[in-house]
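Q: Keeping their order, the protein sequence lines are chains L and D.
Per our numbering, the first sequence starts with residue 6, numbered consecutively.
Per our numbering, the second sequence starts with residue 6, numbered consecutively.
What the hints contain is simulated information worked out from the structure, not anything from laboratory work.
Glycine residues also receive a C-beta, built at the ideal position from the N, C-alpha and C atoms.
Hints may be right or wrong, so weigh each one.
[As the list claims (entries may be wrong)] Away from chain D, derived, C-beta distances all over 12 Å, residues of chain L:
hint : residue
1    : THR34
2    : GLN38
3    : GLN80
4    : GLY104
5    : ASN114
6    : TYR189
7    : LEU223
8    : ASP264
9    : HIS380
10   : PRO444
11   : ALA466
[To be verified] If you want the footprint, here are the derived chain L segments under chain D, 3+ residues with CB under 8 Å:
hint : region
12   : 59-68
13   : 88-99
14   : 280-292
15   : 393-407
16   : 470-479
17   : 492-500
There are 2 protein chains.
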Amino acid sequence: MTIVLDFGLIVDTYFIVAIRPIMSQVLLTLFQQSGNAKGTLRERVCNTLRNAILDGALKEGQKLPSSRVLAADLQVSRITAEAAYAQLEAEGYLQRMMGRGTYVALQMNKPMPARKTTGQLRLSQRGSMIVKTGGCRDPESPLPFAAGTPDLRAFPLKVWKQITAQQLRTQGEKLLGYGDPQGYLPLREAVARYVGQTRGVNCDAQQVIVLTSSQQALQLIATLLIDNGDNVWMEEPGYSGARNAFISAGASLIPVSVDKCGLLPERTLPVPRLTYLTPSHQYPTGVPLSLERRLALLEMAHRTRSWIIEDDYDSEFHYDGQPMPSMQGLDRHGNVPYIVTFSKALFPSLRLAYLIVPAALVAAFTKARTVYDGHCAQLTQAVTAEFILQGYFASHIRYMRQLYRSRRDWLLLQIEQNLSHFATPQPAGGGLQLAIWLPVGQEKELTRQAQKLGVITPGLAAQYQTATALRDGWLLGFSALTPGEITQAVVQLGKIRLT
Amino acid sequence: MTIVLDFGLIVDTYFIVAIRPIMSQVLLTLFQQSGNAKGTLRERVCNTLRNAILDGALKEGQKLPSSRVLAADLQVSRITAEAAYAQLEAEGYLQRMMGRGTYVALQMNKPMPARKTTGQLRLSQRGSMIVKTGGCRDPESPLPFAAGTPDLRAFPLKVWKQITAQQLRTQGEKLLGYGDPQGYLPLREAVARYVGQTRGVNCDAQQVIVLTSSQQALQLIATLLIDNGDNVWMEEPGYSGARNAFISAGASLIPVSVDKCGLLPERTLPVPRLTYLTPSHQYPTGVPLSLERRLALLEMAHRTRSWIIEDDYDSEFHYDGQPMPSMQGLDRHGNVPYIVTFSKALFPSLRLAYLIVPAALVAAFTKARTVYDGHCAQLTQAVTAEFILQGYFASHIRYMRQLYRSRRDWLLLQIEQNLSHFATPQPAGGGLQLAIWLPVGQEKELTRQAQKLGVITPGLAAQYQTATALRDGWLLGFSALTPGEITQAVVQLGKIRLT
Numbered sequence: 006m007t008i009v010l011d012f013g014l015i016v017d018t019y020f021i022v023a024i025r026p027i028m029s030q031v032l033l034t035l036f037q038q039s040g041n042a043k044g045t046l047r048e049r050v051c052n053t054l055r056n057a058i059l060d061g062a063l064k065e066g067q068k069l070p071s072s073r074v075l076a077a078d079l080q081v082s083r084i085t086a087e088a089a090y091a092q093l094e095a096e097g098y099l100q101r102m103m104g105r106g107t108y109v110a111l112q113m114n115k116p117m118p119a120r121k122t123t124g125q126l127r128l129s130q131r132g133s134m135i136v137k138t139g140g141c142r143d144p145e146s147p148l149p150f151a152a153g154t155p156d157l158r159a160f161p162l163k164v165w166k167q168i169t170a171q172q173l174r175t176q177g178e179k180l181l182g183y184g185d186p187q188g189y190l191p192l193r194e195a196v197a198r199y200v201g202q203t204r205g206v207n208c209d210a211q212q213v214i215v216l217t218s219s220q221q222a223l224q225l226i227a228t229l230l231i232d233n234g235d236n237v238w239m240e241e242p243g244y245s246g247a248r249n250a251f252i253s254a255g256a257s258l259i260p261v262s263v264d265k266c267g268l269l270p271e272r273t274l275p276v277p278r279l280t281y282l283t284p285s286h287q288y289p290t291g292v293p294l295s296l297e298r299r300l301a302l303l304e305m306a307h308r309t310r311s312w313i314i315e316d317d318y319d320s321e322f323h324y325d326g327q328p329m330p331s332m333q334g335l336d337r338h339g340n341v342p343y344i345v346t347f348s349k350a351l352f353p354s355l356r357l358a359y360l361i362v363p364a365a366l367v368a369a370f371t372k373a374r375t376v377y378d379g380h381c382a383q384l385t386q387a388v389t390a391e392f393i394l395q396g397y398f399a400s401h402i403r404y405m406r407q408l409y410r411s412r413r414d415w416l417l418l419q420i421e422q423n424l425s426h427f428a429t430p431q432p433a434g435g436g437l438q439l440a441i442w443l444p445v446g447q448e449k450e451l452t453r454q455a456q457k458l459g460v461i462t463p464g465l466a467a468q469y470q471t472a473t474a475l476r477d478g479w480l481l482g483f484s485a486l487t488p489g490e491i492t493q494a495v496v497q498l499g500k501i502r503l504t
Numbered sequence: 006m007t008i009v010l011d012f013g014l015i016v017d018t019y020f021i022v023a024i025r026p027i028m029s030q031v032l033l034t035l036f037q038q039s040g041n042a043k044g045t046l047r048e049r050v051c052n053t054l055r056n057a058i059l060d061g062a063l064k065e066g067q068k069l070p071s072s073r074v075l076a077a078d079l080q081v082s083r084i085t086a087e088a089a090y091a092q093l094e095a096e097g098y099l100q101r102m103m104g105r106g107t108y109v110a111l112q113m114n115k116p117m118p119a120r121k122t123t124g125q126l127r128l129s130q131r132g133s134m135i136v137k138t139g140g141c142r143d144p145e146s147p148l149p150f151a152a153g154t155p156d157l158r159a160f161p162l163k164v165w166k167q168i169t170a171q172q173l174r175t176q177g178e179k180l181l182g183y184g185d186p187q188g189y190l191p192l193r194e195a196v197a198r199y200v201g202q203t204r205g206v207n208c209d210a211q212q213v214i215v216l217t218s219s220q221q222a223l224q225l226i227a228t229l230l231i232d233n234g235d236n237v238w239m240e241e242p243g244y245s246g247a248r249n250a251f252i253s254a255g256a257s258l259i260p261v262s263v264d265k266c267g268l269l270p271e272r273t274l275p276v277p278r279l280t281y282l283t284p285s286h287q288y289p290t291g292v293p294l295s296l297e298r299r300l301a302l303l304e305m306a307h308r309t310r311s312w313i314i315e316d317d318y319d320s321e322f323h324y325d326g327q328p329m330p331s332m333q334g335l336d337r338h339g340n341v342p343y344i345v346t347f348s349k350a351l352f353p354s355l356r357l358a359y360l361i362v363p364a365a366l367v368a369a370f371t372k373a374r375t376v377y378d379g380h381c382a383q384l385t386q387a388v389t390a391e392f393i394l395q396g397y398f399a400s401h402i403r404y405m406r407q408l409y410r411s412r413r414d415w416l417l418l419q420i421e422q423n424l425s426h427f428a429t430p431q432p433a434g435g436g437l438q439l440a441i442w443l444p445v446g447q448e449k450e451l452t453r454q455a456q457k458l459g460v461i462t463p464g465l466a467a468q469y470q471t472a473t474a475l476r477d478g479w480l481l482g483f484s485a486l487t488p489g490e491i492t493q494a495v496v497q498l499g500k501i502r503l504t
């Protein structure tokens with residue numbers, strides 16, 4: 006509604022007395038319309054006048070009622086009316102002249118149009134590219150068989166709370182302040198020791214960068230190491246989070262097939278600038294990368310001056326013997342940035358992961374981190390460091406490994422007993438999910454039937470870049486499920502009928 | 006050290022008996038050299054053999070001692086030796102043939118070179134650009150007068166802990182899991198209500214995106230809305246964190262001067278794709294942007310289909326009356342993404358901030374967030390939401406505003422009494438720091454003297470993009486300092502001698 010009142014030239018007292026009721030009426034109407042708005046009474050009065058001016062209902066030079074009259078008209082206190090006028094004068098809407106009254110000070114060439122705050126989607130090219138990836142999806146549901154989340158019911162929350170309280174007691178508000186963008190030093194030291202001992206990673210705390218997530222590590226790597234059009238070798242099928250990070254940096258992705266010994270690059274492939282690998286336990290097929298291939302890929306990286314990204318995303322959870330030591334530890338030339346997340350080993354909302362880079366890259370990554378989002382929360386870093394140092398981390402991992410192994414075994418047994426007519430489980434030496442192949446061309450139909458039976462069965466199709474290589478299958482997350490929940494879900498899936 | 010032993014052809018028992026001591030001696034030497042290494046005894050045995058093979062000391066086809074002999078040689082248990090052989094066979098280093106013994110299985114064309122893990126700095130163009138910005142620096146020190154940090158000693162940590170315990174009790178492990186990438190809904194609702202009431206922001210919870218920091222908001226904005234070479238208007242002097250984010254997106258930065266009414270663009274400036282503003286309290290000069298200029302800039306943004314970024318970084322802390330309502334609330338076309346951080350109002354290591362965008366942009370920003378780093382910690386979001394809902398946020402802000410106001414007043418008084426011979430304080434209606442001008446050409450020398458006197462005086466020079474516009478000055482952070490600390494530091498500065 007736009008009401009135009011133009012009293013600009015009227016100064017005679019007689020007229021002012023005569024028209025005051027009209028002005029009062031208008032302001033009162035606008036004020037009453039704002040009745041449902043939020044904020045204090047003073048704010049409502051301010052907003053009423055602001056909007057009347059912006060909408061052109063009140064024009065530059067127009068005289069407003071005295072604060073006493075305004076108070077009476079709007080039935081607010083004189084103090085409120087006075088405060089509103091003072092505020093609006095400070096903001097530049099009104100001008101108050103001693104002994105002459107209060108005037109509209111703002112000149113609007115044309116009234117403001119009505120609000121259209123939906124806005125328009127005007128994205129940069131890079132922005133459009135990122136949106137086109139569809140984004141990354143974290144597993145949202147703990148239901149069978151949404152992709153692998155840790156079993157949070159088994160997390161030692163009590164110990165965690167104790168260490169949190171202890172850290173706040175001993176370090177206090179220091180932990181609330183800004184932190185080292187590279188990461189809290191005691192955590193970096195604990196991490197360097199841990200991966201040295203358990204994964205053969207060759208590093209010191211100066212090479213460790215603490216980040217919020219492996220996704221952030223991938224994003225920083227993509228930004229700092231990849232130029233538009235650079236070739237990136239990706240496992241096919243492979244981890245879509247990595248794919249999206251490299252796409253967002255403008256990389257040219259080259260899918261490389263995976264066989265039972267891991268990545269198998271053909272000789273004719275164009276030289277990569279970077280190769281993304283999940284060597285301990287290929288995502289999603291579960292295959293470990295063989296020693297020969299590791300050595301060949303490292304040799305290739307050295308020869309082509311390219312990077313190998315080792316995403317060691319679930320190496321804590323290997324069930325049949327030790328996982329092979331890291332590729333980073335085999336590398337002799339500093340070509341292997343190494344990523345681990347705490348999301349699986351501890352809990353996803355911790356928002357901690359780490360990236361270990363060759364010494365030459367540390368300063369660049371740390372600077373980029375500050376331009377991206379500063380640093381990680383200090384308290385959670387301190388608690389995590391203590392959790393590791395006091396031995397809880399190692400014992401939690403041991404416990405969870407046993408728990409998950411028993412669940413994997415149970416799932417495999419259930420599949421054998423109930424789904425052998427259509428499901429072929431893949432190597433499952435570790436991890437929180439199990440890949441199973443389905444009969445060719447059946448993924449869509451079987452997923453539809455599973456959904457009807459109330460079971461979520463994430464498809465393998467989403468992990469493929471190219472439709473030609475696509476293999477029908479499911480990726481069943483089992484780690485957060487009790488044996489009872491597993492049985493129930495598999496029995497449901499057993500009702501699926503092949504066409 | 007590389008020791009080459011070539012026994013490949015020797016199979017005769019006599020010779021094996023004869024040379025066994027040599028092999029044993031070599032392995033024992035290598036094993037003893039690993040004495041300081043980390044890890045279990047089994048891991049040390051594994052590493053000794055791995056390295057001997059990788060370094061070429063043991064070659065493909067070579068026979069190794071039996072596990073019994075190995076155990077005796079290295080003085081480890083038979084179980085350890087056996088486990089090491091089994092592990093190395095699984096990894097592909099060894100092959101064990103029933104009744105015939107254990108052989109090196111890995112073919113190394115040439116021995117691995119010695120470790121050079123420093124690596125090389127091979128950055129992408131974008132990476133080099135980001136590194137060249139020098140990164141962003143958070144205020145590290147609570148010492149006078151490092152740039153404005155909140156006074157963490159005054160944070161109601163007890164209440165915070167209570168709410169944390171309460172949230173964990175009522176919501177439990179749900180808060181440990183993956184979260185909504187757009188942000189925890191109760192926090193988005195609380196934020197939308199709060200900024201609607203206090204800042205006149207026109208939004209609902211669906212437009213709020215919870216991020217880790219205003220820096221992350223700037224980075225996402227730069228990535229999604231800016232293409233290489235796009236013009237970005239920046240306040241001069243202005244916030245270097247924003248400048249770095251836009252540089253990292255390849256923007257062409259156009260410095261726009263700031264006078265006592267805020268940003269003053271000349272008519273000849275090229276049309277921007279985006280304008281970055283701190284309208285409530287220009288960073289670092291402290292000037293609020295006048296109403297006329299706000300309206301003119303909004304009109305310009307509408308006409309040129311460009312964005313205005315409103316960084317409302319310290320609007321909670323205005324000391325002389327209310328700050329002007331947000332520009333976002335004045336905008337009628339959905340051109341104003343709006344940023345607020347919790348780092349100043351609560352504490353920096355919380356790692357929470359929010360970005361309010363026009364509805365059309367929400368999906369794009371949320372997707373990009375997932376590709377960047379997923380989501381924010383759920384527990385801290387839930388605690389912050391409760392802190393707001395239970396009224397603690399508003400009362401904390403009120404209390405801190407009074408505290409900071411009294412400190413600002415004290416600082417101004419101290420400057421007047423001690424530093425009037427060289428320091429000219431700028432408008433300080435709000436914020437956690439005070440800009441003061443210094444005599445032309447003196448910033449460097451005066452800063453040097455201040456440093457000698459033990460006082461940190463962040464220079465204004467760093468806030469300028471172009472050296473020509475540069476104005477000598479300091480930006481004194483006072484918010485975390487007690488009156489005693491302020492007095493002491495200013496008295497020190499009073500000893501400075503002008504040349």
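Q: For each hint, tell me whether it holds in the structure or not.
A: Hint-by-hint comparison with the structure:
No beta-carbon of chain D is positioned within 12 Å of the beta-carbon of L:THR34; the least distance is around 21 Å. The claim that L:GLN38 is not at the interface with chain D holds, since no C-beta of that chain comes within 12 Å of its own (minimum 16 Å). Listed as outside the interface, L:GLN80 is consistent with that label: its C-beta sits roughly 21 Å from the nearest C-beta of chain D, beyond the 12 Å cut-off. Once the 12 Å rule is applied to beta carbons, L:GLY104 is consistent with being away from chain D; the minimum gap is 23 Å.
Against the 12 Å criterion, L:ASN114 falls within the reach of chain D, whose nearest CB is about 8 Å from its own CB. At roughly 10 Å, the least C-beta separation between L:TYR189 and chain D is not larger than 12 Å, which violates its mark as non-interface. The Cβ of L:LEU223 does not lie farther than 12 Å from every Cβ of chain D; its closest approach is about 9 Å, which violates its non-interface assignment. For L:ASP264, the non-interface assignment is confirmed: its Cβ lies about 15 Å from the closest Cβ of chain D, beyond the 12 Å cut-off.
With a minimum CB-CB distance of about 7 Å to chain D, L:HIS380 fails to clear the 12 Å threshold, and the non-interface call is violated. In this structure L:PRO444 is separated from chain D by more than 12 Å, as the shortest Cβ-Cβ distance comes to about 32 Å. L:ALA466, annotated as away from the interface, keeps every beta carbon of chain D farther than 12 Å; the closest lies near 19 Å. Coverage of the region 59-68 of chain L by chain D is violated in this model, with 1 residues showing a Cβ closer than 8 Å to a Cβ of that chain against a need of three.
Coverage of a stretch by a chain is defined here by at least three residues with a beta carbon nearer than 8 Å to that chain's beta carbons; for the region 88-99 of chain L and chain D the count is 6, and the condition holds. Under the rule that three or more residues need a Cβ within less than 8 Å of chain D, the assignment of the region 280-292 of chain L is violated, with 0 such residues. Given as covered by chain D, the region 393-407 of chain L fails the check, having 0 residues with a CB less than 8 Å from a CB of that chain where 3 are the minimum. With a threshold of 8 Å between beta carbons, the proposed coverage of the region 470-479 of chain L by chain D is violated, since 0 of its residues qualify and at least three are required.
A stretch counts as covered by a chain when three or more of its residues have a beta carbon under 8 Å from one of that chain; for the region 492-500 of chain L and chain D the count is 0, and the coverage is violated.
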